[in-house]
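Guided by the hints, dock chain W onto chain V, whose structure is given.
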Amino acid sequence: MSDDVWILGISMTKFGKHPDLDIVDLAARAARAALDDAGVGMDDIGVLAAGNLMGGGRLGQHLQKQIGQTGIPVYNVTNACATGATALRTAVMAIKAGECDIGMAVGAEKLSGAGLLGAGGGAKSDATVFEPTGRFGAVTTLDGRVGTETMPGVFAQIGMEYAHRYGDATFELFARISEKNHAHSTLNPLAAYTKRMSLESIMNDVMIAYPNTRPMCSANCDGGAAAVVVSGERLRRMDPEQRRRAVKISASILTSDPWTDGCQVLPDINTLTRNAAEQAYRAAGVTPSDLDLVELHDCFATAELVHYDNLMLCAPGEAVSFFESGATWRDGRTPVNVSGGLQSKGHPIAATGIANIWEVCHHLRGEAADRQIEGATVGLAHVIGLGSACGVHILERAA
Amino acid sequence: MTQQVPLVDYLVLGDRPHLVAHECVQCGARYFDRRNACARCFSADFRNVEVPGEGEVTAFTIVAFAAPGVRVPFVPAVVDCKGTAVRANLINVPADPEHVRLGMPVRLATYVVGTDDSGTEAIGFGFEPVGV
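Heads up: the protein sequence lines correspond to chains V and W, in order.
The numbers in the working numbering rise by one with no breaks, and the one at position 132 of the first sequence is 133.
The numbers in the working numbering rise by one with no breaks, and the one at position 74 of the second sequence is 175.
Hints are computed from structural coordinates only; laboratory data are not their basis.
Owing to the predicted nature of the structure, the values given are computational and were not obtained by experimental measurement.
Each residue gets a CB set at the ideal place from its N, CA and C atoms; glycine is no exception.
Treat the hints with care, as some may be off.
To be verified - Stretches of chain V that chain W covers, calculated by requiring three or more beta carbons in the stretch to come under 8 Å of a beta carbon on chain W:
hint : stretch
1    : 145 to 152
2    : 157 to 163
3    : 287 to 298
Stated by the list, open to error - Pulled from the structure, derived: some chain W residues nowhere near chain V, Cβ distances all over 12 Å:
hint : residue
4    : V109
5    : D116
6    : H119
7    : T162
8    : D217
Isolated chain V, as found in the complex:
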């Protein structure tokens, strides 16, 4: 049985617009802050996993040149919106494999002004001569003709599919989920948006893909996050203060889509999330009712609803009544996205899967100031990258 792995230090930059910082700057700020938080230096780090999705590649080596080149193995990681969680898990696996006893994971992204993700960059133009190409034998572009490839539309359908199966999920209900997250972020100084939004203003904002209006979509922004992880054996030989603030990674799970009927047509983000959650609860020996807070992947308001069910925070099919009970507000039974979530804290893709763990750690360490969930001892962080990859981490306060 391998030893536990712990978060020794963790950080995130403010999410938002950073016109004067490039991706490497964001990664370097997060990495140096995580090292400071951990009380270690680059010469202690035995493995580096660096996540970035939309940049030019090889972030890890570029980062080393700014913060310390020590010749350690570097893994450059991309896994859609699960990139950050995958980087963290890469460092965790290296420690579990016994290759080193301290590692670092970093995720950074610049997305301010990126616009619509999934639209594929430039303007769609029709072919001048119709020739079948690709695996569908398409004679011209299919986006807009055979459904949509853009993220707001894909995740809107995922929420509507839940509404079809279980009923009662209305436009207003989805907007109220967004209202919650925009209220939560008013207490988070590192969030991209910190202004409360009324239900009315959310519903009357620009419609992107029904039922998701603009504030119900994740906020494209810049940001970085980093974590230093350590083996339990090494941690036991560290200072009492490092041991006190260390957070146990009770589960680190990554899943992909098993074959399900229909996932070839509309991505099935449910099955792999449920699988990851089941594995994580089993590995950690906790149940959903033990969770003091959850940071889940609310890339759209429609996604948050289905993940209440997928993470088994409620009984199957009961996500609507679970939300309506007030359970997921910060004073509820299972606070969800007290950071503001992707809709309000923001979603610099590769940073997201580490920043959500930072949020949970912040509460478990009792350092979350105004937004502290009192007495938090166990939390869960979830991300999903479409295609798909799902990361679930369960974290516990040092005993």
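Only chain W this time, still in chain V's reference frame:
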């Protein structure tokens, strides 16, 4: 007569336009794109099967904001065609939540997507409400 080509190779034109799926001979899983092997059972044997042209809307969205060059609004949907899930736009229906409903019965319909430089028409497909 104008020459016509289907928008995608799984749309069969003619008197009775319909969709065909590649069905795994071993397990029955259906795919619309070309596959090297079945993602469910790993078999590499497929046969083409006709997909029923009528179904029920199980998910939809109304896209109001899209990439440049994509005409909005449009209504992406998943249609359950008697057990086979099909991705398509809903057509011949106003693009608003008063007219598009979950569970709505729909049927396959075709339309002209455009004409290329040689005068060939591309024919696309969508699903329209039954009774239009």
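task: Would you assess whether H119 (chain W), listed as outside the interface, keeps its beta-carbon beyond 12 Å of every beta-carbon in chain V?
output: holds, 15 Å
- request: Check the non-interface label on D116 (chain W): least C-beta distance to chain V beyond 12 Å or not.
  value: holds, 21 Å
message: Is the listed coverage of the stretch 157 to 163 of chain V by chain W valid when you require three or more residues with a beta carbon under 8 Å from a beta carbon of that chain?
response: Contact hint for the stretch 157 to 163 of chain V vs chain W: holds, 5 residues under 8 Å.
query: Holds or violated: is the Cβ of V109 (chain W) farther than 12 Å from all Cβ atoms of chain V?
result: violated, 5 Å
message: Count the residues of the stretch 287 to 298 of chain V whose Cβ falls closer than 8 Å to any Cβ of chain W, and tell me whether that reaches three.
response: Since 0 is below three, the answer is violated.
field: Three-residue Cβ test at 8 Å for the coverage of the stretch 145 to 152 of chain V by chain W
entry: holds (count 6)
Cβ separation check - D217 (chain W) to all of chain V, threshold 12 Å: violated, 5 Å
message: So T162 (chain W) supposedly isn't at the interface. Is its beta-carbon more than 12 Å from every beta-carbon in chain V?
response: violated, 4 Å
Violated hints for the displayed structure, listed by number in ascending order: 3, 4, 7 and 8.
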